[in-house]
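As a plain string of letters, each chain reads:
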Amino acid sequence: MTLLPLEVFYALIGAIFVGVAIRVALDPSHPRRRGSTAFWGLLGVITLGGKVLPASLVGYGLVILVVLAAARQVVPGREGSTSPEERARRAERLRNRLFGSALLVPGVAIVGALTLGRIQTGDFRLVDPKQAALIALGLGAVIATVAAWRMTGDRAVASVHEGGRLLQAIGWALILPQLLAALGGIFSAAGVDREVAGLVGSWLPVQYPFVASAAYCIGMALFTMCMGNAFAAFAAITGGAGLPFVVQMHHGNPAILGAVGMLSGYCGTLMTPMAANFNIVPAMLLELKDRNAVIKAQVPIGLAILTANVFIMYLTVYRF
Amino acid sequence: MIKLIGILVVAVGFGLRINTLVVVLAAGFATGWAAGLPLAQVVELFGRSFVENRYMTLPVVLMVPLIGLLERNGLQERAVALIKQARAATAGRVILLYALARQISVALGLNIGSSGGAHAGFVRPLVAPMAEAAAKTAGGGAGDLPEKTRELIRANAAAAENTGNFFGEDIFIAVGAILLMKGYFDGQKIEVNVMALALWGIPTAVIASLVLVWRTRALDRRIARGLAEANDRKTPGKLSEPRKENAP
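For the record, the sequence lines run as chains A and B.
Under the numbering used here, the residue at position 231 of the first sequence is numbered 231, and the numbers go up by one with no gaps.
In the numbering used here, each number is its position in the second sequence, counted from 1, plus 320.
Calculated from the structure, these hints are not laboratory results.
Treat the hints loosely; a few may be bogus.
[Claimed, not checked] List time: in silico PhoX-like cross-link candidates among lysine-lysine, alpha-carbon distance up to 25 Å:
| no. | chain 1 | residue 1 | chain 2 | residue 2 |
| --- | --- | --- | --- | --- |
| 1 | A | 130 | B | 502 |
| 2 | A | 130 | A | 51 |
| 3 | B | 509 | A | 130 |
| 4 | B | 468 | B | 404 |
| 5 | B | 502 | A | 296 |
| 6 | A | 289 | B | 468 |
[As the list claims (entries may be wrong)] Residues of chain A clear of chain B, computed beta-carbon distances all greater than 12 Å:
| no. | residue |
| --- | --- |
| 7 | 26 |
| 8 | 41 |
| 9 | 126 |
| 10 | 149 |
| 11 | 238 |
| 12 | 250 |
This structure is a prediction, so every number in the text was calculated from the model and none was measured.
From the three backbone atoms N, C-alpha and C, an ideal C-beta is built for every residue, glycine too.
Excised from the complex, chain A in its bound form (with noise of 0.2 Å):
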């Protein structure tokens, strides 16, 4: 028995999605209140029901989502924080404590994810070792929010109404995560990964080994481009094209391919919108006007280390 389920944490999200629900209800300024209350509450709810609601109903919810996204109903609200003034004030009494907060996220989730998944007693477990990371991720900031009510004397309903305001800059981009993830598993139900893999054996000369591991880097990258996620690319590219070709065909060492595969496939995610945890939402946190500026950063290091990739994969994988 698990006493503290990552379920938990995904009732306390969907409560704050209601939160946000609720503020925007009761925000008269709001430019779409009605759609943003839907959308906020919509996802509130199968965030916290996830795992009782059917399946279906999550899928048709979600349809609900999109459209409320395509008809422009999911905007920010006009309301602010406090003035740059006041904040100048507050940080100069607040000092280096604010960091002190700030910081007790990381120490409270480093600490917790070497220790949580230990600590047992008979069939009682405090959490799942394959969860022990982001659970202690999730106690920390819950931990560090606590703290920051104490130091800074604000009332919790300072950090809903924050939090929301961050929320809403994000928008609908939120749930492109997910979205792009259930897609990654129609695209593997349908079998695109086979295709896919069976056109690169069919189309290059892999009879030359540079050829060989040079289409198995950039494949990654590529299919990583399209899955948004180097690790549902992982298992389509190496066994359509890795295994075959790099090592049964030429005997490469199966350790540096995927090793230096695996790397090529993130070059991909730094290039690519359908990663979107990676690259869309941080735009959109960082209140960006082009959703597509991280990406653009990021394609001439993507390219570089993919470059290099090549190569490094070129001289080491048939030598060692």
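Take the given structure of chain A and dock chain B to it, following the hints.
Quick look at chain B alone, frame taken from chain A:
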């Protein structure tokens, strides 16, 4: 071939700048149709996957109430005040220092924010404001940064966070990616050592650090150019006055 229709829908949809959520939903339905999956099953797959992947959204949502509260109490202002004392600071150096510290700590197994959580916890409240303040100080300190420059700095701060995170991660053996690879090779009956998987991530990690050095230097040069252009516009006739030698 027809099964690849979903990828085509995504490419066309992104190209036409249609709402991304609509594009993703359409790509899912198109792929399901091409593979002969019933519509109801596709909706159910979307629902189940959404619930299974709630962990992706968890870090950001749990972080924003805290970060919002601290920002309301002057967290960004305090970060800016600190960076102003560091004379050698430039936007590029602030971002590089953060990214390298992030990469090294992740490589040692100390992950401060999985699934993009560090963007909410560090980049927005600390790294981006510090880099902006450093750029402002280096550029003479007077007035606000031009909007283009500010956006450029923020985007590069987020990019450096992702790069440091991704290319440090695979050096630590207990990380998901290494375990996933080990599991995959086990399934294929291929013997692979997790230490070897982690060690062979190091060459790419070193390259990634060098690329970060290059990109953050380029950022500083672009900021300097952006500030010079903005100054030109403010004082016309001073710097951008056309030469007069050839005038009649």
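**Message:** When the structure is checked against the list of hints, which entries are broken? Sort them ascending.
**Reply:** 5, 10 and 11
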